[in-house]
Amino acid sequence: MATVGLYQIQLALVDAQQKLISGTGAGLGTDGIYTVDHKDLGAKTANITNLAGTIAKTYGNNNVQDVTVGTSEPSVAIDINNLDFAIKQQIKGFVSDSKGGYTDENLKAHVALLITTQTIDRLHFVYYGFGDGIMTETAANIQTDAAAEQRVDDTLTYTALTTMAFNNQPYKIYSDIDPKFDKANMYKEVFGGYVLPAGATTSPAK
Numbered sequence: 006m007a008t009v010g011l012y013q014i015q016l017a018l019v020d021a022q023q024k025l026i027s028g029t030g031a032g033l034g035t036d037g038i039y040t041v042d043h044k045d046l047g048a049k050t051a052n053i054t055n056l057a058g059t060i061a062k063t064y065g066n067n068n069v070q071d072v073t074v075g076t077s078e079p080s081v082a083i084d085i086n087n088l089d090f091a092i093k094q095q096i097k098g099f100v101s102d103s104k105g106g107y108t109d110e111n112l113k114a115h116v117a118l119l120i121t122t123q124t125i126d127r128l129h130f131v132y133y134g135f136g137d138g139i140m141t142e143t144a145a146n147i148q149t150d151a152a153a154e155q156r157v158d159d160t161l162t163y164t165a166l167t168t169m170a171f172n173n174q175p176y177k178i179y180s181d182i183d184p185k186f187d188k189a190n191m192y193k194e195v196f197g198g199y200v201l202p203a204g205a206t207t208s209p210a211k
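Under this note's numbering, the first residue of the sequence shown is numbered 6, with each subsequent residue one higher.
Certain hints may be false.
To be verified - With a cut-off of at most 27 Å between alpha-carbon atoms, the simulated BS3-like pairs for lysine-lysine come out as follows: (1) Lys193 - Lys97; (2) Lys97 - Lys113; (3) Lys97 - Lys44; (4) Lys24 - Lys113; (5) Lys177 - Lys188; (6) Lys193 - Lys93; (7) Lys188 - Lys44; (8) Lys104 - Lys44; (9) Lys93 - Lys49; (10) Lys188 - Lys24; (11) Lys93 - Lys104; (12) Lys93 - Lys24; (13) Lys24 - Lys185; (14) Lys93 - Lys177; (15) Lys49 - Lys177; (16) Lys44 - Lys193; (17) Lys193 - Lys113; (18) Lys113 - Lys49; (19) Lys177 - Lys97; (20) Lys177 - Lys113; (21) Lys24 - Lys97; (22) Lys24 - Lys193; (23) Lys177 - Lys193; (24) Lys185 - Lys44; (25) Lys44 - Lys113; (26) Lys49 - Lys97.
Quick caveat, the hints were computed from the structure, so don't treat them as lab data.
My request is simple: use the sequences and hints to build the entire structure.
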């Protein structure tokens, strides 16, 4: 099944037990989930790689007789146009000095991620859920303005970890094209026990 577009990216912090962290000053907002939307000028890309593990061939009698597939190790290259500064530092795990400065003290935040795309008829949604992972920013290519403005997007790399709610797999795919799709259950699994508000089960966004 083909998909089209990047409809939405949502983020949340989770604790060591992969449970949602919420509340002002702790999580990413009051309910714990941050949606990248117009205030961030939206997201450009969420390039997911390594969804399948490495394949090793087993030979016998001069032929390939079998293959073994290693554990998948997904990562996501994310490009957001203008991510909120404080949110960006939180998901990287940077520590505030309460004076406007942030440092990397190797205390990586654990982040849950939900990426939403659509079927090519735009009638259904496909979701890639990651219940736990580490977000890093490896470079900032800052350039001088010349004849045109030189913007530097927020480019981040998400490295997925295994998620207990996914039977210790690193990711899970959902779609409302399946008649048994349960949106509330998806949010509960991806975002560490999150309870979807009443009335939000029929809309694409929470």
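Here is what the structure says about each hint:
1. Taking the CA atoms of Lys193 and Lys97, the gap is near 23 Å; set against the 27 Å cutoff, the hint holds.
2. Of the pairs offered as hints, the one joining Lys97 and Lys113 holds, with about 6 Å between alpha carbons and a cut-off of 27 Å not exceeded.
3. Our distance criterion of 27 Å between C-alpha atoms is met by Lys97 and Lys44, whose separation comes to about 20 Å.
4. The hinted pair formed by Lys24 and Lys113 meets the criterion: a straight-line CA distance of about 16 Å does not exceed 27 Å.
5. At roughly 13 Å between alpha-carbon atoms, Lys177 and Lys188 fall within 27 Å of each other, so this suggested pair holds.
6. For the proposed pair Lys193 and Lys93, the alpha carbon gap of about 23 Å is at most 27 Å, so the pair holds.
7. A distance of roughly 25 Å separates the Cα atoms of Lys188 and Lys44; the hinted pair therefore holds under the 27 Å criterion.
8. Only pairs whose Cα atoms come within 27 Å are accepted, and Lys104 paired with Lys44 is accepted, the gap being roughly 24 Å.
9. Restraint check: the Cα-Cα separation between Lys93 and Lys49 comes to about 16 Å, which is no more than 27 Å; the hinted pair holds.
10. With a C-alpha separation of about 18 Å, the suggested pair Lys188 and Lys24 falls inside the 27 Å cut-off, and the hint holds.
11. Among the hinted pairs, Lys93 with Lys104 is consistent with the structure: their alpha-carbon atoms are about 17 Å apart, no more than 27 Å.
12. In summary, the hint linking Lys93 to Lys24 is supported, as the alpha carbons are separated by about 20 Å, within the 27 Å threshold.
13. About 25 Å separates the Cα atoms of Lys24 and Lys185, which keeps this hinted pair within 27 Å; it holds.
14. The straight-line distance between the Cα atoms of Lys93 and Lys177 is roughly 24 Å, inside the 27 Å bound, and the hint therefore holds.
15. Between Lys49 and Lys177 the CA atoms are separated by roughly 22 Å; this keeps the pair inside 27 Å, and the hint holds.
16. Taking the CA atoms of Lys44 and Lys193, the gap is about 25 Å. The hint holds against a cut of 27 Å.
17. As the CA atoms of Lys193 and Lys113 are separated by approximately 23 Å, the hinted pair is consistent with the 27 Å bound.
18. Restraint check: the Cα-Cα separation between Lys113 and Lys49 comes to about 24 Å, which is no more than 27 Å; the hinted pair holds.
19. For the given pair, Lys177 sits about 23 Å from Lys97 by alpha-carbon distance, which is consistent with the 27 Å threshold.
20. Restraint check for Lys177 and Lys113: the C-alpha separation of about 23 Å stays at or below 27 Å, so the hint holds.
21. For the given pair, Lys24 sits about 18 Å from Lys97 by alpha-carbon distance, which is consistent with the 27 Å threshold.
22. A distance of roughly 10 Å separates the Cα atoms of Lys24 and Lys193; the hinted pair therefore holds under the 27 Å criterion.
23. For the suggested pair Lys177 and Lys193, the alpha carbons sit about 13 Å apart, so the restraint of at most 27 Å is met.
24. Between Lys185 and Lys44 the CA atoms are separated by roughly 33 Å; this puts the pair beyond 27 Å, and the hint is violated.
25. At roughly 25 Å between alpha-carbon atoms, Lys44 and Lys113 fall within 27 Å of each other, so this suggested pair holds.
26. A distance of roughly 19 Å separates the Cα atoms of Lys49 and Lys97; the hinted pair therefore holds under the 27 Å criterion.
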